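Asks: Here are the chains, one letter per residue:
Protein chains: 2
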Amino acid sequence: MRILYELAGRDGRRFSPFCWRSRLALAHKGLDATCEPCRFTEKDKFAFSGQERLPVLMDGSKTIADSWAIACHLEDTYRDRPALFGGPTSRGLSRFVNDWTDTQLLPALSPCIIFDIPQWLDPEDEAYFRRTREARYGRTLEEMHAERSSHLAKLAPVLAPLRRLLTDQRWISGGGPAYSDYIVFGAFQWARCVSDVRLLEDDDPIRFWLTRLVERFDGLADSVPHFDS
Amino acid sequence: MRILYELAGRDGRRFSPFCWRSRLALAHKGLDATCEPCRFTEKDKFAFSGQERLPVLMDGSKTIADSWAIACHLEDTYRDRPALFGGPTSRGLSRFVNDWTDTQLLPALSPCIIFDIPQWLDPEDEAYFRRTREARYGRTLEEMHAERSSHLAKLAPVLAPLRRLLTDQRWISGGGPAYSDYIVFGAFQWARCVSDVRLLEDDDPIRFWLTRLVERFDGLADSVPHFDS
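Respectively, the protein sequence lines represent chains A and B.
Going by my numbering, 221 is the number at position 68 of the first sequence; the sequence numbering is gapless.
Going by my numbering, 230 is the number at position 77 of the second sequence; the sequence numbering is gapless.
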């Protein structure tokens, strides 16, 4: 019995980049899990996990919080299934991709799409989201929205290493898609689940890679409401 | 018979971040190579390789140009020696580290130290270096030097993913040092070979990692003139 506690908006919106990492990691391992949607203001639903952020995975009697810890748990517990890392070196390097995504990609992407998120939230969550994010950024969502073109311009150089990589190889993880691909994909999936903003040109190698990932696992990433921009 | 054609300044200065990748890759594999120093204006020395940039490795009858190609050649040719990557996934992910270093780390580091390079060059090289770099940046080396504190401030966020990674693990490559560590190390070795600028605080996890790498291979990175800042 496996339950993935996932951040959710209204109307089936699933936009958390961290929860997508775990969803795709489970799919990669071929493991079923019941998804338990939790709104921002339903932290009591997973308070048993001892912390306040999602995803949380219950795997039998075990509770694992944090997407990185979940990936390591799945890799170490289900060794006979397809590898998320494939060895200690790949695990170490995947952690770099994880840290790059968290410290560079997500902070650059966030101001480009944050204004579009509240429309997918219930009123209580909307108030919570606006209050916490406006405090974090020190400006209103509307102010950030007005500067979107400048945020998009700042995103471009952040994408440079990813673009160069995907010009030379089909997957971040080399031979085939693995956990590092899902880490970075989660960021773009976050964007495409909430916003129609156009992040990539038609001929961008990152776009081709995204399309390949969207097709994986019987189109899992397309099974939720999203935009095709 | 193995010859590594390396960029060199006067008085034994070896500062190319790309050449250091290959030097350390050879040391990791336990392979000897004669180092052939080439100045910026001695491109005729390695013109046989068909291109204008260093490093170039001659390995028996083979000529390999470009540090990434050299690493792949060494890994594929000397399979029984310690692994630089350790599998296709790690090779793919190391390429991301390579692209991140080339598109983010080196461009952020360069304006912090570029003013200090000409003093280690012979007069002909100095003129070549100044002309090409000032054209590339659209400003004089002196102008860049005057803005050093602002360049250092811009370097800080670029280092964020590396710092976070090395807070959690001892090596970029996970279980032990491997090619990804040498890629990133080459950038810092470049700086410490030409400049006394202080890039890292005493308690920075990146500094501890650098120290561990400096000690490798009987202190290879300390065997050339350098600063300890």
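Hints in this document: simulated from the structure, not taken from any laboratory.
Here the structure is a predicted model, which means the values were calculated and not measured.
Warning: the hint list may mix true and false statements.
[Claimed, not checked] Simulated crosslink set (SDA-like; lysine to any residue; CA at most 25 angstroms straight-line): (1) K307(A) x F380(B); (2) K307(B) x K215(A); (3) K215(A) x R192(A); (4) K307(A) x S302(B); (5) K307(B) x G291(A); (6) K307(B) x R316(A); (7) K307(A) x K196(B); (8) K196(B) x Y290(B); (9) K182(A) x G328(A); (10) K307(A) x W221(B); (11) K307(A) x G291(B); (12) K198(B) x D233(B); (13) K307(A) x L363(B); (14) K196(B) x D233(B); (15) K307(B) x P310(A); (16) K215(A) x T256(A); (17) K196(B) x E279(B); (18) K307(A) x A309(B).
Asks: If you test the structure against every hint from before, which numbers come out violated?
Replies: 1, 2, 7, 10, 12, 13, 14, 16
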